[in-house]
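J.: Residue numbers (the working numbering), protein chains in the order written: chain A, 1 to 343; chain B, 1 to 393; chain C, 1 to 260.
To be clear, the hints were calculated from the coordinates, so they are not data collected in a lab.
Among these hints, one or two may not hold up.
Said to hold, decoys possible - Just a few of them, taken from the derived set where beta-carbon distance is under 7 Å, the chain B residues facing chain C:
#, residue
1, Phe196
2, Pro216
3, Arg224
4, Thr226
5, Pro299
6, Ala361
What the hints assert, rightly or not - Have a look at the derived ranges for each label pair, beta carbon to beta carbon:
#, chain 1, residue 1, chain 2, residue 2, range
7, B, Leu170, A, Arg201, 13 to 23 Å
8, A, Glu247, C, Glu54, 30 to 40 Å
9, C, Gly97, B, Glu77, 47 to 57 Å
10, B, Thr248, C, Phe47, 25 to 35 Å
11, B, Ala9, C, Ala6, 53 to 63 Å
12, B, Thr248, A, Arg201, 21 to 31 Å
13, A, Asp108, B, Leu170, 53 to 63 Å
14, A, Ser41, B, Leu201, 55 to 65 Å
15, B, Ala154, A, Leu287, 49 to 59 Å
Only a predicted model underlies this, so the values are computations on that prediction, with no experimental measurement involved.
We treat Cβ as the ideally placed atom computed from N, Cα and C, and that holds for glycine.
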Amino acid sequence: MIPTRALCAIGLAAMLAAAPAGARDLTIVAGGGPLQDHMRSTLFQPFARASGIAVADTSYDYNVGPIRAMVQARNVTWDVVMVEAPDLVQGCEDGVFERIDWSVVRRDKFLPGGAITCGAGAIGWGVAVFYDTRRNANGPTTYAEFWDTRTFPGKRALRRGARITLEVALMADGVAPGDVYRVLATPEGQARAFARLDALRPELMFWSGGQQPIELVNAGEVAYAVGFVGRTTNAMRSGAAYALKWETLLYAYDYWAVVRGSPHAPAAMRMIEFITDPAPLLELTRLWPINPVTAAVANDVEVRARNPLMMTNHVEKGLNISTEFWIEHGPELERRFAAWLNR
Amino acid sequence: MRGQNALAAVLVAPLLLLLAAAFLVPLGTTLLTAVADRELADTLPRTHHALAAWDGEALPGEEAFAAVADELGVALEERRLGPLAQRMNFAAGGQRALLLRTARAADGLTAPYAVSLPALDPRWGERDTWLRLRDATGPVTPLYLLRALDLDQAPGGAVTRMGEEDRLFLTLFLRTLGVAVIVTLLATLLAAPVAFLLASLPPRWAGLGLLAVLVPFWSSILVRTTAWFVLLQREGPVNATLVALGLTEAPVQLIGTRIAVIVAMLHVLLPFAILPAYAAMKGIDRALIRAAASLGGSPVQVALRVYLPLAFPGIAAGGFIVFLLAVGFYITPALLGGPRDQLVASFIALFINREVNWGMAAALSVLLMGFAACAIAAARLLLPAALKGRLSP
Amino acid sequence: MSAAWAWRVAIGALALLVLAFLLAPMAAIIPLSVAPTEVMRFPPEGFSLRWYEEIFTSGRWLLAARNSLVVAVATTVVATTLGTLAALGLTLGRFRGKAVLIALFSLPIVTPSIVTAASVFLAFSLAGLSGTLAGLVLAHTVVAVPFVLIAVLAALKGFDMTLLRAAAASGAPPHVAFRRVVVPLIAPGILTGAVFAFATSFDEFIITLFIAGPAQYTLPRQIYASVREFLSPAICAASVMLFLCSTVLLALTSWARRRQ
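Please take these sequences and the hints and turn them into a complete structure.
T.: This is the structure we're talking about:
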């Protein structure tokens, strides 16, 4: 016999619990993983303590779909989000993000390019070639060598997407880093990039999540990978025997942005001001090799000396990923890349 | 009798309402989204009006030029240009840049706009630019459905094929069909012996065997896919076994291949094939088989002429369910497959989560639904008996 | 007869292989969940419960477990209630188009799940139901309800309507007759349907992937997030927990069926 009343009571309780909560905490969203765990303890929670504002944090996979959906539905459940530059600039034009209130966030503390209409610089990130020296003593130091399967046999991992991958392919084809975007804007340049990818195709594997290149290299699925330097250097600090080739670096900034229509917008601005300040960021540098966009931390001699693997120490060797190029050519090249991948 | 029917209607109504609200309306939304074309009308209403009256022969009149110059700047200022910019850029690359550039410069433009707009960007002096805008006057567009079939719309609406390098979706639908068919065939072929064994075992042993089928059936698809991810690694147990058996010399790549996708899909879907087949075989009267054998039928004859036809509805119903589920698979190819192993579902997810192109996501969904409907229709034609089989174990 | 026996042995061996194939992943997950290291390598060296400790102390896993339970219970209650009522209506009613109605109610099972998920996402986004637990319950109910309907319809098939008339003749008001006569007889069917509904919601992933915000993450969704972000044996530990829940449910259904 079913205890009808008990069932009804449980159901009612569950329905009540399922009803949307009236007030939600200020919600900050970043890329997850260990970095976010460290940001929680050094940035988010100290802000909550200092301001008395309750903060919840959660992660996403840098897909802007859900953000656009919540703005369109006028049901904004995220407040502060870490966003990639092209998504930020495009979202800013499209009214997906609030304009940063520069009277609350101090503009002059950022490196050049770190303060833009809808975003305040969060961290720099980059990708570069790395491999496990316990499996392969030697490896490619340039993209031309990354393509050289005779000298360096084995599978390679690249990002599943046009951005980064096409730049890398062009550099492998001999284009100087300074000319990459000029060449990639032309149909001939695009054809060259895809032809290079075709040549390496049998040896290529593609990753989409940030941890995957590490997993692929650790499991021996690939010999060499282009992967995020933050995750790579962190693994190196905890004992992984990787060789990381800074000469193959491509880098950009991520930004903190406020989702348009956020009911917590004023608090969100205060939070952004707090979490881009030198003091909490210095704490974070002790836990994770971040690449700050806040000038005082990025230029801190002691921090740079303490973290030889910090990307900031190596950016002059790398290529800055062009935001403008990818806003203009992104949709078309991504479509072509998707078609290429499936052929 | 009428009272009883009224009562029945009252009892059925709540579920019908729920189904309408949370399923039929969403399906309708998808159908509409796949063809809706409201961006121009919503963002630039005066331009929309002016273009609706344009014959498309020569360039449109000053009225259209003035409306564009006037409305684009306002839309940018109010930050609502995004959807239109995306819609136009989807139709042809470079349109987003054109619209934004014009919107930014709109304040400095002076009449006559038919002169000042082309002076700002020569594309405003081309008929094709205007034809593309006119193609977007809606309220419906075939563009998304065309693109989902690797077709394109030339300015003015003529249907053309996509360039070789941009073709994608026909391959994708064929691949989805191929994978679904392979998985269905393998599942039915492997399900039959299991069902036969379970049906002929004594109850205690059959119960144990059934448990081996039901345990994976009841565990989350995500759990099982993750498990295969671990098992199929280069240094995982499957490769270790292959090497130990001497089948390969060195570990082979399995993750990121079609084999991994099919193995994991088969694992997820096999119980759906086994359970109906088992139910059908369990229902077969043993006396009938004995009678056939005693009438002089050879075992093979009995199996093919008597047993199989009796079990067929269950086997076919299982295969039918497996096919329908396989067609919509997303997570297994995403986690275990390489780029050439992705099915239609991956692209629906991509267009929703990454590209934020709801029109394409909806168009692919509509085609996939049509695909499933065709499969149902084919099954109805080919296996009339199968549909009388039961769906649940 | 020897040929027939050879056939039987071959079929039996093949069947056993398939059964082993079905169980293999579960057999792999359990030892990995007690691995002491972060790397998921097989076979694990050593034993530790640290990953169980992690999922039982991490806020995100606990939130996901709570969400999973809340959504699954709410879905079960709504789906079981509406499904049972509809099954009664479909059995009582003498109208045409009953088959059409049953087909309509079963539509969510035959629609490819990605299409349901995408459609629900589009509609719920426009209606502001995305990112709410109520929206999740609504969507899960739609895919869970056919199982209840089928189970209860099957239970009602063997139900003798004259019993109801007898109850009415002996003066019982309709709702009393329903509770005293109908419910006890179809209870095992309702229970089977309810368990199916619970399991459907508890394991549902694709719709959740599309419409749940991080505050509504369920266990499968959290496993997916972890697979994407940072693959560790914690996922295996969570999988084992999910798997234990499923096994308990399975035991419950077989118990219900035996009573039937």
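J.: Next step is simple, just say for each hint if it's right about the structure.
T.: To see whether the hints hold, each was checked on the structure:
1. Phe196: 6 Å, holds
2. Pro216: With a closest approach of 5 Å, the Pro216 (chain B) hint holds.
3. Arg224: 5 Å, holds
4. Thr226: 6 Å, holds
5. Pro299: 4 Å, holds
6. Ala361: Because about 6 Å separates Ala361 (chain B) from the closest Cβ in chain C, which is inside the 7 Å limit, the hint holds.
7. B:Leu170 / A:Arg201: 13 to 23 Å: 21 Å, holds
8. A:Glu247 / C:Glu54: 30 to 40 Å: 38 Å, holds
9. C:Gly97 / B:Glu77: 47 to 57 Å: 55 Å, holds
10. B:Thr248 / C:Phe47: 25 to 35 Å: Given a distance of about 31 Å, which is inside 25 to 35 Å, the answer is holds.
11. B:Ala9 / C:Ala6: 53 to 63 Å: 59 Å, holds
12. B:Thr248 / A:Arg201: 21 to 31 Å: Roughly 23 Å apart at Cβ, these two residues keep to the hinted range, so it holds.
13. A:Asp108 / B:Leu170: 53 to 63 Å: 55 Å, holds
14. A:Ser41 / B:Leu201: 55 to 65 Å: Between Ser41 (chain A) and Leu201 (chain B), where Cβ atoms are some 57 Å apart, the hint holds.
15. B:Ala154 / A:Leu287: 49 to 59 Å: 56 Å, holds
Figure legend: structure checked against the earlier numbered hints; every hint is met.
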